[in-house]
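Sequences listed follow chains A and B, in order.
Just add 833 to the spot in the first sequence (first one is 1) and you have our numbering.
Just add 214 to the spot in the second sequence (first one is 1) and you have our numbering.
Honestly, the hints are just simulated from the structure, not real lab data.
A hint or two may mislead.
To be verified - Result set (DSS-like, lysine-lysine): computed pairs, CA atoms no more than 30 Å apart in a straight line:
(1) B:LYS543 - A:LYS897
(2) B:LYS543 - A:LYS878
(3) A:LYS878 - B:LYS397
(4) B:LYS420 - B:LYS333
(5) B:LYS534 - A:LYS920
(6) A:LYS878 - B:LYS590
(7) B:LYS425 - B:LYS397
Unchecked claim - If you want a taste of the chain A side facing chain B, the calculated C-beta under 8 Å gives, among others:
(8) LYS871
(9) LYS873
(10) TYR874
(11) ARG877
(12) LYS897
(13) ARG904
(14) ALA944
Every residue gets a Cβ at the ideal spot worked out from N, C-alpha and C, and that includes glycine.
Residues per chain, in single letters:
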Amino acid sequence: MARKKRFWSVVCIVFFVACSFGAALAGSEFSNDGNGRKGKYLYRKNCRTCHDGSSAAEISPNTKTQAQWQRTFNTYERLECAEEWQKMDQGDLTDIFTYLYDHAYDSPQPATCG
Amino acid sequence: MKNFKFSQRMNAIVVIAGLLLGLLLGNAPLYAKSQSDLTFEPEDWMFHSLVDVEEVARHVQIPVADDVMIIDARPYKPKYIKGHIPGAVSIPNTTFEDGVERLPEDKDTLLIFYCGGLKCKLSHKAARKAEKLGYSNVRVFAEGFPRWMEVSGHYASVSAEYVAARMAENDVVVVDARPYKPKYVKGHIPGALSVPDTQFDSLSAKLPRKKDFPLIFYCGGLECRLSHKSAKAAIELGYTDVKVFSGGYPEWKAAYGDDPDTTIMVEAGEVEGSIDIAQFQDILENKPESIYLIDVRDADEFAENSLENSINIPVDDLEKQVEDLPDDKPIVFVCPTGARSGESFYMLQDLRPSLKEVYYLEGGLVFTEDGTYEIKPTE
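The shape of chain B in the complex, shown without the other chains (with noise of 0.2 Å):
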């Protein structure tokens, strides 16, 4: 009796293994059969299961479906913040110890590992770590990020101190894809273009004229599809240069804040190019820092008395240095009346139309005899 069942159970355990056995044998020519699509000959060294870039694109979609995940093999920085498979999570080979809580709970993830191409051995060694913790659909994309990139329409992902670099050495154009309103106006990466995707069509003339000029486009993190749709319509436009940071503004803002001192809104005033009064005033009160405040009296007037916070540039001399001014910040030109800050604000509209972040202040700034000033509205 105790015989007979334990020799059931040992039955039902040599069903069940059969069973597996069967199911992984089954599976194995699915696997020989997508290898022998490669267009290369596997080396020895090699994972055992590689897919080609097809099968890559194909797991490609935003946001990253719950069953994937495409993993950067290659070192953090520089590789992996300078461009990656878009959707990739980065778990260098060399950390990969501490990048293991990065991978997904169920083990059945299909997982797919790349590096940087044939020669390669970074994704190899991942899979084969992986695989040891238990991942049983572990994969490798062998000819990695190189031919990535070689597939017309693809483009790479970048990292935000990949953006931020850039956007030091003032090389590259940064797209924000949102809509301006609410989300653009709301906080931006500094010195941001607003082209909102559902307008790209008719504000596309906004990006640069050389379609080798560097753009990257980004939006609202990794569920954003707007950068990326974006990103799709400058390729087909024939901008050659095109990236998406694709953590968006919720990375920017990790990394960075949402500094909203420099992503500040200038509210227009009632009057062409003037700033709203009362913005003005608060914005000298509590983040003077946040504009270019730009005094255009000349500079007898301007050493008597001054703000805080405010350079001089004579009207006279303006001419000579408006393509000097910053764009990383709003300007707003005061002088004693309107008249010279006005005169101010329509040279740059005339002599460099592409600073859209100009204002000056309609009416006055007054000093007083204590030093203290005060804000005339024109009468």
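Isolated chain A, as found in the complex (with noise of 0.2 Å):
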């Protein structure tokens, strides 16, 4: 009786331990809580300088899903131009990020570039 107990803490402590782990690799996601306007405007001086389809591939919000997008950005490490998005602070990307998740293909809004 008193080891089964044991055990239940046990687990409560490892399922704690876990759940508060999941929430702060969560709070490092990126939300859609920041300025769009100001990230439409942040996306156009510091991302479409290349993405306009000369250097690299055209990309509007609706290029991708809302689910798509949080990806790309939780992974930004991955992708080719890391270092532009490095060059960037926190406060700006929230700014893109909320623009081109809140014009997602799959969002209530979605947009080319209007």
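Relying on the hints, combine the two individually framed chains into one complex.
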């Protein structure tokens, strides 16, 4: 009986630790609470310079779904242009994310450029 | 009896005359003393009572004292309007008769005439005319305006015409030294920068970086000291071309009207950079020419329907034109959703931060079939 109790406490602790770890991970995710208006301009300034189809693929908000944008941003280190991202601060990237996410393919207002 | 009375009266007159004479003679050495301080040899044609720049400076106070009048005897245009001793009244010698009404009623008022320096006879001539009118306390500042400007820390006052002309050339910064609220907000010279005198130290960073860039300060008119205080502070900061428009906003309004259309204050909406929608609607209906309404949709969309008074600069072309955007009226960007107009707002924030009066319509400007428009707030 006592043993069983200890078992459950261990399970609880493990579960708790796992949960908080997960929460910590989630905390590093980008969220769309930035300034999307500003993000649209920052995207023009920092991303569209290449991503206009000339030196990199043309990208607009609706080229990805919200989940895809989320994944792209959470793992941007893997992108070929990661260096460009690192030049920007977290706030600006959050604004850009907000813009792309809010107008993603499956968003209520998908947008190409308007 | 009769005779006696007469001679008594006679006596009284003599005594009074004697007293008056004594008073005059007693004062005479005083004039002579101040004359001997002069750093130049008075010419024969000069007026009998001359004063130097220190004496003039002592009487230049804002507001001007009731018992002193400093009078600029040079032509009104172009001399007076371009620069005069602060507080000086313009009575050009050539049109002296027309200016007589500007002279004070009290004939004992100290009148100091000046003009363009030691070679200039206008002030001497005008001083004699004033004396003939009965003014008893007349002086001439013979070294005149050039000497005034030589003294470090001195500056000139200018008139509304001059301010308007320089603003039209856009080669001057006009500074409103009055409190931002409610004075500046209620109305100001279009294009003027608000640097309230009380906040001069913290806001002087708004002034041009080049210290030789022309500055003109103004405030609430001849009684107001703020512009003079700010001008002095600017000179202390090292600005070399500082002037004061002493007549200030009252004179400006009298000359050019308070033109609410060009002095409009845009009210900010809740979202950063956005214009208050109710006010925007009011502007569209009642005074569309008070703002630069820039439609940032593409040219083909604009061609289909557009607002009267709006200009089309597609957001993709805006960057190239950022430097050319005018700064004399607030700019408001519009598009159908707020996306491109918001982007335009942030572009200006980034590329031309000196433009302060820039707004966008958060929400959309949507046209209906019959050509009317609707403003849709963002859900």
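Hints versus structure:
{"no.": "1", "hint": "B:LYS543 - A:LYS897", "result": "violated (41 Å)"}
{"no.": "2", "hint": "B:LYS543 - A:LYS878", "result": "holds (27 Å)"}
{"no.": "3", "hint": "A:LYS878 - B:LYS397", "result": "violated (39 Å)"}
{"no.": "4", "hint": "B:LYS420 - B:LYS333", "result": "violated (41 Å)"}
{"no.": "5", "hint": "B:LYS534 - A:LYS920", "result": "holds (24 Å)"}
{"no.": "6", "hint": "A:LYS878 - B:LYS590", "result": "holds (28 Å)"}
{"no.": "7", "hint": "B:LYS425 - B:LYS397", "result": "holds (27 Å)"}
{"no.": "8", "hint": "LYS871", "result": "holds (5 Å)"}
{"no.": "9", "hint": "LYS873", "result": "holds (4 Å)"}
{"no.": "10", "hint": "TYR874", "result": "holds (4 Å)"}
{"no.": "11", "hint": "ARG877", "result": "holds (7 Å)"}
{"no.": "12", "hint": "LYS897", "result": "violated (18 Å)"}
{"no.": "13", "hint": "ARG904", "result": "violated (24 Å)"}
{"no.": "14", "hint": "ALA944", "result": "holds (7 Å)"}
When the structure is compared with the earlier hints, violations turn up for hints 1, 3, 4, 12, 13 and for no others.
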